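Peer 1: Given chain H, put chain A with the ligands in place with the hints provided.
Listed in order, the protein sequences are those of chains H and A. Quick note: the first sequence uses our numbering, first residue 1, plus one each step. Quick note: the second sequence uses our numbering, first residue 1, plus one each step.
Simulated from the structure, these hints should not be mistaken for lab results. Wrong hints could be hidden among the right ones.
Here are the computed distance ranges between Cβ atoms for each label pair [claimed, not checked]:
#: 1; chain 1: A; residue 1: VAL302; chain 2: H; residue 2: MET101; range: 57 to 63 Å
#: 2; chain 1: A; residue 1: ARG136; chain 2: H; residue 2: ALA280; range: 43 to 49 Å
#: 3; chain 1: A; residue 1: GLU323; chain 2: H; residue 2: LYS202; range: 52 to 58 Å
#: 4; chain 1: A; residue 1: SER35; chain 2: H; residue 2: THR128; range: 37 to 43 Å
#: 5; chain 1: A; residue 1: VAL302; chain 2: H; residue 2: PRO292; range: 54 to 60 Å
#: 6; chain 1: A; residue 1: ARG301; chain 2: H; residue 2: ASP135; range: 34 to 40 Å
#: 7; chain 1: A; residue 1: THR309; chain 2: H; residue 2: THR128; range: 55 to 61 Å
#: 8; chain 1: H; residue 1: PRO62; chain 2: A; residue 2: VAL304; range: 55 to 61 Å
#: 9; chain 1: H; residue 1: GLU301; chain 2: A; residue 2: ARG126; range: 50 to 56 Å
#: 10; chain 1: H; residue 1: PRO238; chain 2: A; residue 2: PRO310; range: 48 to 54 Å
#: 11; chain 1: H; residue 1: GLN32; chain 2: A; residue 2: SER183; range: 50 to 56 Å
#: 12; chain 1: A; residue 1: SER183; chain 2: H; residue 2: PRO62; range: 51 to 57 Å
#: 13; chain 1: A; residue 1: ILE16; chain 2: H; residue 2: GLU173; range: 39 to 45 Å
#: 14; chain 1: A; residue 1: SER22; chain 2: H; residue 2: GLN32; range: 57 to 63 Å
Straight-line C-alpha distance at most 20 Å; calculated EDC-like pairs for lysine to aspartate or glutamate [stated by the list, open to error]:
#: 15; chain 1: A; residue 1: LYS272; chain 2: H; residue 2: GLU241
#: 16; chain 1: A; residue 1: LYS272; chain 2: H; residue 2: ASP135
#: 17; chain 1: H; residue 1: LYS22; chain 2: H; residue 2: GLU69
#: 18; chain 1: H; residue 1: LYS311; chain 2: H; residue 2: GLU241
#: 19; chain 1: A; residue 1: LYS272; chain 2: H; residue 2: ASP144
Because the structure is a prediction, the values reported are computed rather than measured. Beta carbons are placed, not taken as given, at the ideal position from N, Cα and C, and that holds for glycine.
Chain residues, written in single-letter form:
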Amino acid sequence: MSTLLDIRNLGVTFDTDEGPLKAVDNVSFSIQQGEVVGLVGESGCGKSVTALGLLRLIPMPPGRFTSGEVFFEGRDLLRLPTDELRTIRGRRISVIFQEPMSALSPLHRVGAQLMETLQLHLPLDKRTAWNTSVDWLNRVGLPDPEAQMRAYPYQLSGGMLQRVMIAMALMLEPALIIADEPTTALDVTIQAQILDLLRTLKSQDASLLLITHDLGVVWELCDRIVVMYASRMVEEGPRRELFENPAHPYTRALLDSVLSLTGRADRLSTIEGQVPSPLAYPAGCRFAPRCPHAFARCHQEQPPLYSIADKRHSACFLSAPKKPDLLNPCPSEPLNP
Amino acid sequence: MPPLLQIHALKTWFPITRGIFSRTVGHVRAVDGVSLDIAPGETVGLVGESGCGKTTLGRTVLGLEPRKSGEILLGGIPLWPTRHHETLPLRRRVQMIFQDPYSSLNPRMTIQEIVTEGLLEQRLIRPRERADAAARLLREVGMEPSVLHRYPHEFSGGQRQRISIARAIAVRPELVICDEAVSALDVSVRAQVLNLLIDLRASHNLAYLFISHDLGVIRHIADRVVVMYLGVVVETGPASEVLDSPAHPYSRALISAVPVPFGESRKRTILKGDVPSSSHPPPGCRFHTRCPLALPECAVRVPVLEPITPGSARHVACIRKNEISDKSHDAKALLQGVFQ
Ligand SMILES: Nc1ncnc2c1ncn2[C@@H]1O[C@H](COP(=O)(O)OP(=O)(O)OP(=O)(O)O)[C@@H](O)[C@H]1O
Ligand SMILES: Nc1ncnc2c1ncn2[C@@H]1O[C@H](COP(=O)(O)OP(=O)(O)O)[C@@H](O)[C@H]1O
Ligand code: SF4
Ligand code: SF4
Ligand SMILES: [Mg+2]
Ligand SMILES: [Mg+2]
Chain H
1 MSTLLDIRNL GVTFDTDEGP LKAVDNVSFS IQQGEVVGLV GESGCGKSVT ALGLLRLIPM
61 PPGRFTSGEV FFEGRDLLRL PTDELRTIRG RRISVIFQEP MSALSPLHRV GAQLMETLQL
121 HLPLDKRTAW NTSVDWLNRV GLPDPEAQMR AYPYQLSGGM LQRVMIAMAL MLEPALIIAD
181 EPTTALDVTI QAQILDLLRT LKSQDASLLL ITHDLGVVWE LCDRIVVMYA SRMVEEGPRR
241 ELFENPAHPY TRALLDSVLS LTGRADRLST IEGQVPSPLA YPAGCRFAPR CPHAFARCHQ
301 EQPPLYSIAD KRHSACFLSA PKKPDLLNPC PSEPLNP
Chain A
1 MPPLLQIHAL KTWFPITRGI FSRTVGHVRA VDGVSLDIAP GETVGLVGES GCGKTTLGRT
61 VLGLEPRKSG EILLGGIPLW PTRHHETLPL RRRVQMIFQD PYSSLNPRMT IQEIVTEGLL
121 EQRLIRPRER ADAAARLLRE VGMEPSVLHR YPHEFSGGQR QRISIARAIA VRPELVICDE
181 AVSALDVSVR AQVLNLLIDL RASHNLAYLF ISHDLGVIRH IADRVVVMYL GVVVETGPAS
241 EVLDSPAHPY SRALISAVPV PFGESRKRTI LKGDVPSSSH PPPGCRFHTR CPLALPECAV
301 RVPVLEPITP GSARHVACIR KNEISDKSHD AKALLQGVFQ
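One chain only, chain A, in its complex shape:
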């Protein structure tokens, strides 16, 4: 099947301005050359440290941030820029669910108005069909239609997130970008909302771009995982493979850092220092300032994201990729003392 979404060499930069004339003195390279495909019905998990560009990538796909360069195609058709009358039906096909269930719902609109707004805007229903459509949507997300005329502040975090989900699926999208959609929820409610997202994926054949810092959540929901560092993709592959045996030194450190109940007290790679500024990403491999395997060469050569072995679905951007993916004794010796 052809990809539903194709992102090719996408860059989104934000100008840094100074002074009263707002002179541009540099750029935050939030997304700096990302390529990524999502198949219909596929869930891609996007992970990486705070500030690495995950939200910006999602917002750029939706047209909420301007691209600097690169292409975004939906079903083979460029999503931006096209004229308004052409993008409206396209836009319907991609929806987003945000992290904060408090600020993402308009406090002055009733639940009915919130979940049917998109349907009316797209002329998919007539105004008098509103109540029926809203009731049906609420049932789909496991809520009682009796709450239609209430306002968002009357609901708990989990319920508000259900309302956001109802609003997103109302217009029958094919791709939903979930940006930390369950992160603000209590543990006991998080599982309910995740189960709902999984059910809807099956019943509506949805594809998800699922952004989360919670690797447990990603493991549960994603088919494929994309690991970002400072605006670029460093590793991608089937979820279980990447999470169980990460190859890229950054993915290894990231995944080993997560404490798990009942986990053995693992020897973990403690990365030194913080993520460098994305307005001045380090030259060569962007991870070389923190990488325990860095060679002098890493500071000059930019590693390319390529299959770990020819034809493999695992892609890694590291100049030592052959050594670290090798299962031989030498490779083990190399990693010993650095990674468990």
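Chain H with its partners taken away, still in its complex shape:
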């Protein structure tokens, strides 16, 4: 497998009335060809800004890059001339947003919008563009595709629109699809249809960056997982290893609070306190105010992203390689009993 997308030290800050807001801080991860990577974390942790940032879809100002490179097929997207970037964005990378309505024009019929997308990038005549569009609507399981081609977006339900968006994203057979909470606004029965559809992508050797806060969806679909907390990456690893043996205290607490819902335990395990405001992040580890394992150093220094095993990283002092000088101070409890 070759590396398709390589994000290095991406940093995005918004200049707001209350001061600079670091929405994405030093995020680095890569996506291999044919791989499904899940980007997870609670609302506001910087998932969408990461995705929009690497595609340069963030309004600037108020946004600005503070650092980073994003290599896609060997070229740095952050430094590419706009016209070249636009070609890549339509043809090689496509995006599925949470709110399908926002990505479709309310004034034009669904069919016209699909055909326009096709004809913009491929030398197709009208007839072929129409047939190809219908064919894709069929593939994404939309009932009566010819009728949907003639409909306006407002005439379709949320689930149907999301499938139109997916058809539009897949039509040009991109190498990378970025899906930002593609099913969050949908019912679980419709979500099941969409997940089924996204699963078929895997067999087509396309790569997928799936952004979600739903760990169940991640478990079903992803090969590898990147966990974010308060604008930073806290952990990264292959799906099963990360779920079964989370290294970072935040990942563990998050999994516990989700998993205790699947049993009928009397009390849910919670994470005390709340996510800090991005305008006032704590000085040291951003999870320190809520972390049951925090010790003095955590409140003073930001932990780096340690490499803990093959393809696994964790940004916690307790994950530091066990060199003698780093064994001190000891955590009060063993991390992985």
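Peer 2: For chain A with the ligands alone, coordinates are given in the frame of chain H:
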């Protein structure tokens, strides 16, 4: 114990109007014949796809939507319509917590004013007792009384939801309708608020009608589950039974659709198409247009919600209920390839 709340054959329809004279051209049958009891201290989980009528049912119980027909009794007394002076004390006994902790709190009122408004309106406290009452309520929901004079926008989603809860329990209700009360909260805060709701249930002997699309949350909090589809109840029964072994084809599809971490990659029933419009619900069984087990008969006969076996607490509305609840070999063969 007699039921606290009895809903009998309740219908809430919304007119669809057209033209400058607002001619009524049809109705959205949001709730279309629902019967449901809630015992004192019981938590009933209400689930179903978007638009199936859950919120409308809750709002109708509170009198926020007009009924078309049917009865709502609280402790055996009809809740609507009665004259205002009679309903005021009754109304106190049912409170609601809404999904959106941002829009459900008046931005121009202080926290103290918000949580004690109902107490004053019901004359349960005197104005000078406000601060004490508010401080006590905030402590009950795990917040510092020092925030009494602040405004809602100064708080996080989880804190605002705690304030909504304080407001709801202030007047000592017996039933609280929670409409997606934790859905907008972050995972790490959701568990805190759920634990709070569970503690209050015990300390105040509250009954909940708990509406949520999150079946994990429902499994955790509910004693009994009611599954709705297009304005009607299709299945009800003890929470663990319904969620672990749903009987109705719709409940099966709904529950199998939820992805769970560590779940085996299950074979799930992928329902085709979307929920039909509730202004023109399909005839016969409303689910027949999407049901993998539908027979020609399902398009004509309306299935009745009845016990799955005589005397059982599980009720199912499906004409094939005997076949699908049967544990025999034939029944398994029937479901094979359709349901896991
Ligand atoms: N005031 C209203 N006027 C007209 N139609 C309405 C009104 N309120 C609700 N409806 C319709 O009634 C049906 C049931 O809506 P309701 O809000 O009860 O669904 P729900 O089950 O709570 O859905 P969700 O899970 O999305 O909250 C829907 O078709 C909705 O569009
Ligand atoms: N256009 C913008 N202007 C100012 N702040 C923004 C803007 N877009 C996002 N943010 C902030 O950046 C942070 C990360 O947001 P986002 O990436 O959307 O989070 P999520 O992980 O939920 O997708 C949040 O604090 C959000 O409020
Ligand atoms: S660095 Fe310290 S505070 Fe941060 S997660 Fe690790 S132990 Fe907890
Ligand atoms: S009555 Fe028929 S259509 Fe309805 S759920 Fe049962 S089998 Fe399916
Ligand atoms: Mg987002
Ligand atoms: Mg609702």
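Peer 1: Where does the structure disagree with the numbered hints, that is, which hint numbers, in rising order?
Peer 2: 1, 2, 3, 4, 11, 12, 15
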